[in-house]
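Asker: From first to last, the protein sequence lines stand for chains A and B. Position 67 of the first sequence, counted from 1, bears residue number 67 in our numbering, the numbering being contiguous throughout. Each number in our numbering comes from the position in the second sequence (counting from 1) with 1000 added on.
Mixed in with the good hints there might be a few duds.
Partial pick of chain B residues on the chain A-facing surface, computed with a CB cut under 7 Å [as the list claims (entries may be wrong)]:
| no. | residue |
| --- | --- |
| 1 | TYR1047 |
| 2 | THR1048 |
| 3 | ASP1055 |
| 4 | ALA1079 |
| 5 | PRO1081 |
| 6 | PRO1085 |
| 7 | ASP1089 |
| 8 | LEU1092 |
| 9 | ALA1108 |
| 10 | MET1125 |
| 11 | HIS1132 |
In the SDA-like style, the derived pairs of lysine to any residue whose C-alpha atoms are separated by at most 20 Å in a straight line are [said to hold, decoys possible]:
| no. | chain 1 | residue 1 | chain 2 | residue 2 |
| --- | --- | --- | --- | --- |
| 12 | A | LYS167 | B | THR1002 |
| 13 | A | LYS62 | A | PRO97 |
| 14 | A | LYS167 | B | LYS1106 |
| 15 | A | LYS167 | B | ASP1058 |
| 16 | B | LYS1056 | A | LYS62 |
| 17 | B | LYS1056 | A | PRO97 |
| 18 | B | LYS1056 | B | LEU1118 |
| 19 | A | LYS167 | B | VAL1059 |
| 20 | B | LYS1106 | B | THR1002 |
In short, the hints are calculated from the structure, not lab data. For each residue, glycine too, the CB sits at the ideal point set by N, CA and C.
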Amino acid sequence: MTNAPLPPGTVLRDPIGSLGKRLLGFGISAPITVVLSVAFFGVRWTIVLALVAGGLLAMIAKDSLLASLRWNRPTMQLSSTPYPLGSVPIVVYRRTPKRVLDIASCTVECLLVCEERATYTRGTDTTTDTRRVYESQSSGVGEGTAEGLVAEIELNVSAHMGAPSLKLPSNEVVWFVEVGISGPQLPRDTHRFIIDVAAVLDPTYRAGVQDS
Amino acid sequence: MTMGLELDDLVCPVGYQFTGRLIRRADADGVSQTSKARAVRLVLRVYTEGRGDVDKRDVSSSNFDLEPHGGLNAGFSLAVPQTSPISYDGSLMRIRYEIEARVDLKLARDDRYSRQVLVVPEGGMGVYDRPHPLPLRPV
């Protein structure tokens, strides 16, 4: 992780979710599942089921596990103020290896998503429906520096789809960036970073509307 | 209709305020007979529609005492805080705003009168004529 001071007006954001939390969840749920399985299916079938489940989990989590052994968790350098609608900000993605590594140039793929989340209650059940109302793909060139892998990525915060970030008790609008890297000897996992979008129309966008 | 709500503009950006006049016609002479109407509470309210449960809250409000004859002619302003959501037509949800005038009537059900209004992003005056998002062709 870098100790270099951040440029003024920016913050460093960690990705949401982590492998540690997932492993903790697995550690809690696995013994309960095993006890139930032994009670219902017997020891032999439980071993078979555990092997199959373990194999499937290893296949699914392979990329995350390998990446966590060799790389630190990434961070994203964002503006400290929320982004206006219609703006085209540039964010900086950073990831440092755990050991000294020669990092070749690579492509950092980025998907900006605006998602609506609506929670409703029917009887005693509470359900949350989600819908992606905006997606925008962009990419940046990642380069090896003294601070690890660094990539600048341009985002396109639409004024025509999605809404400013919003959190009400049963209705929510969330913006996040999903980032993955492709290149030899680079981790293949993806991470999500929450970004904040303000109820402000970007001045450059406004000028464009008024000119047309 | 004894109640009137005159707005200077139906559109207001976040961080600014709705302004206008609240008018109520007298329904008594105030000497031999006093009006049943005692006060008016004016509320700017945001609420959601759509798939999720309804979220509803009062954003700002003000109270007006009525004359003994029940009449009122007063200017008002209702602030829209910077952190408020904007009017929105989404896929799973819609966000709506209304200004409601509720007349407190003595020993009777309160009289209500409301108007839909539009809250737009900061810098959105003259750009929006409907809830966010903007249409693909600029308005």
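Asker: Hints the structure violates: just list their numbers, smallest first.
Answerer: Hints 1, 4, 5, 7, 9, 10, 12, 14, 16 and 17 contradicted; others consistent.
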